[in-house]
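All chains, please: the whole structure from these sequences, using the hints.
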Amino acid sequence: MDEAADRVQDVEVSLLLEGVHQVYGYDFRDYADASIRRRLAHWLAESPFETLSQAQSQLLRDPQLFVSLLRGITVNVTEMFRDPPFFKTLRDQVVPFLKTYPFVKIWHAGCATGEEAYSLAIVLNEEGMAGRYRMYATDIDEAVIATAAEGVLRLSEMQKYTRNYQKSGGRASFADYYTARYDRAILAAELKSAVVFAPHNLTADAEFGEMHLVLCRNVMIYFKPALKERCLALFDASLAGGGFLCLGMKESLERRALATGYEELVPNMRIYRKRYV
Amino acid sequence: MSEVGLVTVGVSSGGLQALKLLLGSLPADFPLPLLIVQHLAPESGDGMARLLADCCAIRVKEADELERALPGSAYLAPANYHLLVQRDGLMTLATDGYVSFARPSIDVLFESAALALGPAVIGVVLTGANSDGARGLAAIKAAGGVAIVQDPADAEASAMPAAALAATAPDYLLPLAEIAATLQRLAQRGRGARHV
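Chains as they are written, first to last, in this note's numbering: chain A, 1 to 277; chain B, 1001 to 1196.
Treat the hints as calculated values from the structure; they're not laboratory data. The structure displayed is predicted, hence computed values, not measured ones. Since no wrong hints were added, every one of them can be taken at face value.
DSS-like cross-link-like pairs, simulated, lysine-lysine; straight-line CA separation at most 25 Å:
id: 1; chain 1: A; residue 1: Lys250; chain 2: B; residue 2: Lys1061
id: 2; chain 1: A; residue 1: Lys160; chain 2: A; residue 2: Lys192
id: 3; chain 1: A; residue 1: Lys192; chain 2: A; residue 2: Lys99
id: 4; chain 1: B; residue 1: Lys1061; chain 2: A; residue 2: Lys224
Listing some non-contacts, in silico: residues in chain B with all C-beta distances to chain A over 12 Å:
id: 5; residue: Ser1013
id: 6; residue: Lys1020
id: 7; residue: Leu1021
id: 8; residue: Pro1031
id: 9; residue: Leu1070
id: 10; residue: Asn1130
id: 11; residue: Pro1152
id: 12; residue: Ala1159
id: 13; residue: Leu1165
id: 14; residue: Ala1167
id: 15; residue: Thr1168
A short list of chain B residues far from chain A (calculated; beta carbon distances all over 12 Å):
id: 16; residue: Ser1025
id: 17; residue: Arg1050
id: 18; residue: Asp1154
id: 19; residue: Ser1158
id: 20; residue: Tyr1172
Every residue, glycine too, gets a C-beta built ideally from N, C-alpha and C.
Below you can see the structure in the form of structure tokens.
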């Protein structure tokens, strides 16, 4: 691959993302280079097209084809109680604050297929907050949201989730939260009742009002710095004073515009509390 | 002649010993960054990076999000995250699903390096008991980069280097002890060409 071919590929990627934005309203222009290029390369390899510019003509005309691209370039991988120490800290050090409110509103941004939203519901219910919270779980991809709302997981994952749950300080038996049917695990209705799944596009849509807790873990790692800042500003505008912002374990508010308005609750857990000012 | 700007290394079982020897043999002024995927259990901390940092002249640390890959430094992928590199030399992390049954996955690092930096990449596959890295090494080769594979006979676990050999013809098939010197020669040759 020489410099010229390199340059052509750059042009193809940016033209395609520009076209997708204009035609479908999905804005991937501010997604981090490395992941988007790798994903586009994989999508292309599976497609009948040889180049992105060849694919572009059909992509911009055929919504079905675009959906396959969308699946290919948005992340929808998540698990229950990913990073058990984080969920343990949330349970032990954040929930006690949340319990001081009569009713708590939570925004889980970039919820993908919902595993973390349901994990959080388990924590809140076990800590006596059932009926006292509403969680808005959002994602850019409507099909993923529909999957999340079903609350049906692969049975084969349950062993791992059970281990994660136990390590995260779970107080009950994880098996109580699902019913096995064939190769699926159907999550209990009590976990779904307070969760509202809705589409939301972090690149374009507005904030949610007066949240006490905002989770956005391992979503912004796919964004360029400017889009990260946009998201953080959205979260900040959504959070009430004293509210909590939770990021992924390798994300940080360090060097970010709103760092000064927050204090880190526990070192290395990426849980930040908004100052009252 | 290939221009060289980045070394990517994939290693699995037997990795600690292998990395001690490889990284420990490089001088502090080694002119390229090294990006390393060592397969780890999901909740491992950065203990391995600390351990290696203590016994190497080059700097060794876990890669941070959007950190710049610097010469004379080795960056390990954090447990449970894929490590990728951008054209501008910044490293990024990803939580995509397992690739080749692994996260971090060697294939992901190698493919991203091949896509971003093409001929400026050296890919190294070391000891391991699976086949991660084979597809990625082929991608590095196809993009004009340099492929180095540890001789399976010399590896603590031979499956991974053997799979890499089956996937692509390497430029160098070497015992572990000779890889550091080869990297130095390649780095000298490409110095000043295309830094990341």
